[in-house]
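Line order of the protein sequences matches chains A and B. Read in order, the letters of the first sequence are residues 1 to 284 in this note's numbering. Read in order, the letters of the second sequence are residues 1 to 265 in this note's numbering.
Hints are computed from structural coordinates only; laboratory data are not their basis. We put the CB at the ideal spot given by N, CA and C, even for glycine. One thing to keep in mind: the hints can contain errors.
Taking lysine-lysine and the DSS-like style, the derived pairs with C-alpha atoms no more than 25 Å apart in a straight line are [to be verified]:
id, chain 1, residue 1, chain 2, residue 2
1, B, Lys219, B, Lys107
2, B, Lys127, A, Lys225
3, A, Lys222, B, Lys120
4, B, Lys211, B, Lys66
5, B, Lys117, A, Lys225
6, B, Lys107, B, Lys127
7, B, Lys127, A, Lys222
8, B, Lys66, A, Lys225
9, A, Lys222, B, Lys117
10, B, Lys224, A, Lys222
11, B, Lys211, A, Lys225
12, B, Lys219, B, Lys59
13, A, Lys275, A, Lys222
Among chain B residues calculated to face chain A with C-beta under 10 Å, some are [as the list claims (entries may be wrong)]:
id, residue
14, Phe81
15, Lys117
16, Glu243
Below, a sample of chain A positions facing chain B; criterion: calculated Cβ distance under 7 Å [to be verified]:
id, residue
17, Gly135
18, Ile157
19, Arg160
20, Phe164
21, Glu170
22, Lys277
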Amino acid sequence: MSLSINLLTDLQEMWQYGFMQHAFEAGTIVAIVAGIVGYFIVLRRSSFAAHALAHIGFAGAAGAVLFGIAPIIGLLLFTGCGGITIAILGRRAATRDTQIGIVLSFMLGLGVLFISLYSGYATEAYSILFGEILGISNNDVIVTLVASLMILFSIGIVYRPLLFSSLDEEVAEVKGLPTLWLGIIFMLMVAVATSVAVQVVGVLLIFSLMITPAAIAHRFAKRPKQGIMISIFIALIATWLGLFISFYEPYPVSFFITSIVFFLYIITLIFHRLKIKNSSLNND
Amino acid sequence: MNANYPNIITVENLAAGYQNNIVWQDANFTIDHGEFVAIIGPNGSGKTTLFRLLLGMQKPIRGNIKIFNTPPKRGNPYIGFVPQRHLIDPEMTIESLELVRLGFSGKQWGFNPFSQKDRKYAFDVLKAVGAENLAHRSLGVLSGGELQRVFLAEALVSDPNLLLLDEPLSNLDIRREQELVQLINNVVRARNATALLIAHNINPLLSVLDKVIYIVNGKVAIGKPNEVLTSESLSALYGTQVEVLRGSQGQVAVIGIEENQHHCD
């Protein structure tokens, strides 16, 4: 397989392979969902809670493998329970780094135990930790699609109240919005989004799809709708480009995706420094 | 419609606090339609607690509150509320207009990507508080005075009859304090609304106030500024001898008089 000048022929060649087609399908769905949910995670300052949910999911996925169930079921179950717990403990709990870190490491340890009890291949652990998008089956794509449609549908319903309670929780509560329930619904969305994103980038690299594109979007956009669009766009570009390159290069997709978003983030930071410098020069 | 009640707020034998800890008690007062009222008192005296009772966020220990002739409840559409906010994250890039807009439509479920009505309302209210130039600026870069204008717009956008403002003047310099007081006064009078404002210092408010609620040592006093801000009434409230001094423009300073000073006189 070699790269030609014509993008269309390259893509056609790629999509002859079922595994590449599934990877592109699942990757696209996950990038859209991660971009949207990530925007709200960054707005609510709960990045670390989302990171922790992915680790809680590791224990669930490893446990599922041990008992011969599909890893996605274990992921959904553990991240779902973890998400509800964090939401009930309250907004302030979502920013308590130390306690979250303690639970996170315990869950990783539990996952290690499950993996060691499982006498099968160590590749299972590897793919949960770092993602294995090229190994995605047709069934996985359908599960991903259904889960993602549920998230999009929920976001569509709670969009404005969720935005309001994320931006100004005190006034939203006084105005009669059910901020606790909104928090629980939101953490459930994060749980489902995390579970499907783990298939692409894995537990350890979840930040790259859920947080980095959204963090870049927050720096560029002053309106939520624009921000969400940019966040989706960056997650999509990184996933597509990562998959494309990995078809020709013998390195993991996760590496390419994480590198692409990282470099985009660095460029964003430099751009902003220059902008601040320019505006202060103009003011002088 | 609710603006037709002459008494916006009626409070009878009210006691507030948490379980066995009474913060203040025996409060009796009425606030009439169109009044501008300041709530003054030291830190921790229970000023914000009074707001929480009026907003239905907390139940009184005993006594009665009527607001627009009904008991307080959360989500009362006739109340606009500006909480005391300590900090806005400087990294918050969302523009002011979006926050004000959510004050109008943030309670609505469902997704309406084509609605621009709330944007127009939000912009009009920002204009009314003289902040249209802030509409497209990020919340994180606004100064304290600018933020207070935006928060005021957020509260006003739902067209409330009663405004509750918790320490809007804190962290402002004297000039900005004066500007904001004038703005609040103009807006409240122009809309024929009623306003309760919590403050540390009564002086910037004296020229616009109709009433003052003074909360000290678990006791609540209310009246016209000239009735409450006297040496006698404040001494009774503080439970110790204090003296109210007046500046050339009527500004007040409350000075505690220590017992042993009498011997020196």
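Going down the list of hints, with the structure as the test:
{"no.": "1", "hint": "B:Lys219 x B:Lys107", "verdict": "37 Å, violated"}
{"no.": "2", "hint": "B:Lys127 x A:Lys225", "verdict": "23 Å, holds"}
{"no.": "3", "hint": "A:Lys222 x B:Lys120", "verdict": "17 Å, holds"}
{"no.": "4", "hint": "B:Lys211 x B:Lys66", "verdict": "18 Å, holds"}
{"no.": "5", "hint": "B:Lys117 x A:Lys225", "verdict": "16 Å, holds"}
{"no.": "6", "hint": "B:Lys107 x B:Lys127", "verdict": "23 Å, holds"}
{"no.": "7", "hint": "B:Lys127 x A:Lys222", "verdict": "19 Å, holds"}
{"no.": "8", "hint": "B:Lys66 x A:Lys225", "verdict": "41 Å, violated"}
{"no.": "9", "hint": "A:Lys222 x B:Lys117", "verdict": "19 Å, holds"}
{"no.": "10", "hint": "B:Lys224 x A:Lys222", "verdict": "45 Å, violated"}
{"no.": "11", "hint": "B:Lys211 x A:Lys225", "verdict": "44 Å, violated"}
{"no.": "12", "hint": "B:Lys219 x B:Lys59", "verdict": "18 Å, holds"}
{"no.": "13", "hint": "A:Lys275 x A:Lys222", "verdict": "16 Å, holds"}
{"no.": "14", "hint": "Phe81", "verdict": "5 Å, holds"}
{"no.": "15", "hint": "Lys117", "verdict": "13 Å, violated"}
{"no.": "16", "hint": "Glu243", "verdict": "38 Å, violated"}
{"no.": "17", "hint": "Gly135", "verdict": "35 Å, violated"}
{"no.": "18", "hint": "Ile157", "verdict": "6 Å, holds"}
{"no.": "19", "hint": "Arg160", "verdict": "5 Å, holds"}
{"no.": "20", "hint": "Phe164", "verdict": "3 Å, holds"}
{"no.": "21", "hint": "Glu170", "verdict": "4 Å, holds"}
{"no.": "22", "hint": "Lys277", "verdict": "16 Å, violated"}
Checked against the numbered hints given earlier, this structure breaks hints 1, 8, 10, 11, 15, 16, 17, 22; the rest are met.
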